[in-house]
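Full structure from sequences and hints, please.
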Amino acid sequence: MKPRVTLKSYIIGFALSLLLTISVYLFVNDHVTTAHEAFSHGFLIALILCLAVVQLVVQLVFFLHLGQETKPRWNLAVFGFMMVILIVIVGGSLWIMSNLKYNMQSPGDTNTRIMNDEGIHR
Amino acid sequence: MTETASTLKTIVHAESDSKTLLGFWVYLMTDCLLFASLFATYAVLHNNTFGGPGAKDLFSLPFVLGETLILLTSSFTIGLGILAAHKQNKKQVLTWLGITFLLGAAFLSMELTEFSRLVAEGNNWQRSGFLSAFFTLVGTHGLHIATGLLWTLVLMAQAWRMGLVRTTVRRLMLLSLFWHFLDVIWILIFSIVYMMGAL
Numbered sequence: 001m002k003p004r005v006t007l008k009s010y011i012i013g014f015a016l017s018l019l020l021t022i023s024v025y026l027f028v029n030d031h032v033t034t035a036h037e038a039f040s041h042g043f044l045i046a047l048i049l050c051l052a053v054v055q056l057v058v059q060l061v062f063f064l065h066l067g068q069e070t071k072p073r074w075n076l077a078v079f080g081f082m083m084v085i086l087i088v089i090v091g092g093s094l095w096i097m098s099n100l101k102y103n104m105q106s107p108g109d110t111n112t113r114i115m116n117d118e119g120i121h122r
Numbered sequence: 001m002t003e004t005a006s007t008l009k010t011i012v013h014a015e016s017d018s019k020t021l022l023g024f025w026v027y028l029m030t031d032c033l034l035f036a037s038l039f040a041t042y043a044v045l046h047n048n049t050f051g052g053p054g055a056k057d058l059f060s061l062p063f064v065l066g067e068t069l070i071l072l073t074s075s076f077t078i079g080l081g082i083l084a085a086h087k088q089n090k091k092q093v094l095t096w097l098g099i100t101f102l103l104g105a106a107f108l109s110m111e112l113t114e115f116s117r118l119v120a121e122g123n124n125w126q127r128s129g130f131l132s133a134f135f136t137l138v139g140t141h142g143l144h145i146a147t148g149l150l151w152t153l154v155l156m157a158q159a160w161r162m163g164l165v166r167t168t169v170r171r172l173m174l175l176s177l178f179w180h181f182l183d184v185i186w187i188l189i190f191s192i193v194y195m196m197g198a199l
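Protein chains in written order, with my numbering: chain A, 1 to 122; chain B, 1 to 199.
It is worth saying that the hints were derived from the structure and are not from the lab. Honestly, I wouldn't trust all of these hints.
Unchecked claim - Which stretches of chain B does chain A cover? Using the computed rule of at least three CB atoms under 8 Å from a CB of chain A, they are:
1) 39 to 46
2) 78 to 90
3) 156 to 163
4) 179 to 188
Idealized CB from N, CA, C, for every residue including glycine.
This is the structure in structure tokens:
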């Protein structure tokens, strides 16, 4: 058991995580509390997701020390396999359910939706 | 001769410890898949409020930020505990684990406060699909935190009585992996449930 972990890696990970968490909070809080909306809804969702992924990578590297083992990298291999299944579960569920929602909606909704998709205005 | 034997013993121990760590890592990855299913359920159901309140109406953002910062700090302090364990500094290990326990307990009590407030307002898990998914996802995380707190107490007692022998240090490393993992999951809950819900 070599102590690969260092104080420096924990401090860097903690500082970056704090920075990312607080910046996400400030963006969202600003959007919710102020009347003028500086950013669009879609942009903010993309921003939250991007910053969440960055923070995940930060914590995986600096706290969980992923990818810092010596070869063969079994931990990384198991992690990669988990990610494949995760993408199938989450992506697949959302895909199937949105498809189902589209096919189960009332005929009026279908008309409105198709008109929106095709850019037709009455 | 005895020197060779002790070197060999060290190598054998290091091998078996790294196997234990890998095994625990595989468990964490399967746990991650459990949370992935719960996140997928939440993502599918989050708009099905059945005429009841949605995420926008229910959650207090500063409160959730407080919870997040507390858990993040506890993830840092358990890391400091591991560094102390590698240095064989028993007093520091007990101090950092104690701080981690207190921060974790504060987090859990905040989460339970939020839950009891929601239930008192009539927004329990039976109210809508959205609330069922919310309580299942966040409740499962809280259950993991409660288990982690119990584990921390047990390991503090073990470190206190037996000192920082090899098995204790190994168990401390497993606990720290578990605790960091729960912090990672919470970051996803914070971003997806609370921050995206507030928009």
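Structure versus earlier hints, numbers of those that do not hold, lowest first: 3
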